[in-house]
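Please build the complex by placing chain Z on the supplied structure of chain G, with the hints as guidance.
Protein chains: 2
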Amino acid sequence: MRLKVYADRMSEPSRAVVIFCKINGIDFEEIKVDLAKRQQYSPEFKELNPMSKVPAIVDGKFNLFESHAILIYLACAFPGVADHWYVIAHQFIPDYVPCYMKLLKICVISWMQDNMILTSFHISRYPNDLFKRAKIHSVLDWHHSNLRYGAVKFVQNVALGPALGLPLNPEAAALGEKILSAALDKIESFWLKGNGKFLLGSNQPSIADLSLFCEIMQLEVVDEKDRTRILGPHKKVQQWIENTKNATRPHFDEVHKILFKVKERLQQQQSVAASSDNTSSTKTTLHSKM
Amino acid sequence: MRLKVYADRMSEPSRAVVIFCKINGIDFEEIKVDLAKRQQYSPEFKELNPMSKVPAIVDGKFNLFESHAILIYLACAFPGVADHWYVIAHQFIPDYVPCYMKLLKICVISWMQDNMILTSFHISRYPNDLFKRAKIHSVLDWHHSNLRYGAVKFVQNVALGPALGLPLNPEAAALGEKILSAALDKIESFWLKGNGKFLLGSNQPSIADLSLFCEIMQLEVVDEKDRTRILGPHKKVQQWIENTKNATRPHFDEVHKILFKVKERLQQQQSVAASSDNTSSTKTTLHSKM
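Chains G and Z, in that order, give the protein sequences. The opening position of the first sequence corresponds to residue 220 in this note's numbering, with each subsequent residue numbered one higher. The opening position of the second sequence corresponds to residue 220 in this note's numbering, with each subsequent residue numbered one higher.
No wet-lab data here; the hints were simulated from the structure. Be a bit skeptical, because a hint or two may be false.
One copy or two, either will do: identical chains are not told apart, so a pair holds if it fits within one copy or between any two.
[Claimed, not checked] Dumping the calculated DSBU-like pairs for lysine-lysine here, alpha-carbon to alpha-carbon at most 35 Å: (1) K280 <-> K256; (2) K256 <-> K351; (3) K412 <-> K256; (4) K416 <-> K280; (5) K464 <-> K454; (6) K272 <-> K444; (7) K251 <-> K412; (8) K280 <-> K223; (9) K272 <-> K372; (10) K464 <-> K265; (11) K223 <-> K444; (12) K272 <-> K251.
So here's chain G without its partners, still in its complex pose (with noise of 0.2 Å):
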């Protein structure tokens, strides 16, 4: 049975799964919950999570929610999935191995009838996977009331709300850019430390990247000036962005076409209110003038 991700593109999370399941050459159906719609409030959604929020997903009998633990999941689940992701496959450790140690790791993935076993030995005293997996876990931790926290505050008061029926509001928006500085401030200084291209100075995409990368896009929808203002100091998330939308490609901009779309129609209604706004100032202008 096909896995079956229930997703809106809007969603950061949502994206974070849909690009993880393509880029892994999962198997799976796509199901929108469209969340203008309030989709996700019907009682067949709310059935599969009860705290109406995507992605969901459904595989054979086993349904799942909240993004990480999805990504965590389909990591450990699908075979296929390449060990930088989650650092799930069992394999020789080359590096950081304290010399106490002794480590043998032999994987064997394999087909028995018509099922997909997985066959792992492993023998470790702390192994180096444990500690890489520990550093993933700690970042997606620390992701929920940071970096979502502040960006959603931010581009929902400044942009996005009233798509999904909630007004603009400054003072809200104010804080939310506090805390998403604060939060890209901690990425540029310590997440991106070291030479590596990715979070926790790896040299390849982990879910962490994956996850907090897909939040940080949903700034391309809010104001040119504003995304300046909040990205522009910060030069290595810049140069991070770059490297993990070149390491999703082509599932990047495939998965991020309907966002870009949203920022088209933004800045049309942006430029219709600002032309708008000058043709009323020159008439107020003339009107003061006669």
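For chain Z alone, kept in the frame of chain G given last:
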């Protein structure tokens, strides 16, 4: 080298990690980072956790922060940890094995030289423990923006704020209570569904129970009528709190001692303030009659 746990028992996630270590017989040193003295901002602590939050751990040369990531790491790194906390030990799975699966798990924990060696061998297709772990991750991820967000916002704004140098804010407290109550509704109706004594229908606690339980325990410091109003409608939550208290005793009592002392002190302050109000009100009344 002993595990070091940097914690302040006034912090809910710190309490969860300390209880976890104690209940699982992990040999550790607890190092107090006094939040009231802002020690989390000291250069020494920021070296361990640049986010200036407790808890954080140091295990040999490895350091880690974010309590959920720490709990998962400890469950994986210390072989003595009971299986139910994170479904990490490899063993025969007695239930919920889809009929098409063949499942064999052998776990051997042994010592080699002076180091701990964990040897595991498992063959599985979507093993039961993968499902269970995924559900634990789902609860923990959900916790961040729901129960934790609501509980901290409420408790800081009705009781604890001044101890951290923050003002009490009734408007923020009202919003916190709304989010907290909604989270308790979800625990009552969803996470505690089934006949199990713990979250996810289990009969033994997991790290998710410990984390959410320690969060809710902070309600001890708010006014009795507030706590009754918030917890009163949630009978299953109340029973689950009792179950988790009993499952974590005597460590629960010892680690929460500081919270009960703060509760006592706040109650004394309130009663002094109330009697002072009465006196001044009496005086006012007397004055008005003069």
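Homomeric proximity label, K251 with K412: Cα distance no greater than 35 Å: Classified as between: cross-chain Cα gap 28 Å, same-chain 37 Å, threshold 35 Å.
K412 and K256: within-copy, between-copy, both or neither at 35 Å Cα: For K412 and K256, the Cα distance is within 35 Å only across copies (29 Å; inside one copy 42 Å).
Within, between, both or neither: K416, K280 at alpha-carbon 35 Å: Classified as between; 24 Å across copies, 38 Å inside a copy.
Intra- versus inter-subunit Cα pairing at 35 Å for K280 with K256: This pair counts as within: shortest intra-copy Cα distance 27 Å, inter-copy 51 Å.
Identical-chain pair category, K272 with K372, by Cα at 35 Å: Both. Shortest intra-copy (16 Å) and inter-copy (22 Å) distances satisfy the 35 Å Cα cut-off.
Intra/inter-copy verdict for K223 and K444 if alpha-carbon distance must be at most 35 Å: This pair counts as neither: shortest intra-copy Cα distance 39 Å, inter-copy 46 Å.
Alpha-carbon proximity context of K464 and K265, limit 35 Å: Intra 33 Å, inter 31 Å, cutoff 35 Å: intra and inter.
Alpha-carbon proximity context of K280 and K223, limit 35 Å: Only inside one copy: K280 and K223 sit 11 Å apart there, 41 Å across copies, limit 35 Å.
Intra- versus inter-copy proximity for K454 and K464 (alpha-carbon distance at most 35 Å): within (15 Å within a copy, 49 Å between copies)
Intra- versus inter-copy proximity for K444 and K272 (alpha-carbon distance at most 35 Å): For K272 and K444, both the intra-copy (31 Å) and inter-copy (33 Å) Cα distances are at most 35 Å.
Homo-oligomer pair classification [K251, K272; C-alpha up to 35 Å]: Within one copy only: 12 Å inside a chain, 38 Å across chains, cut-off 35 Å.
Homomeric proximity label, K256 with K351: Cα distance no greater than 35 Å: between (40 Å within a copy, 33 Å between copies)
This entry does not satisfy hint 11, going by the numbered hints stated previously; all others are met.
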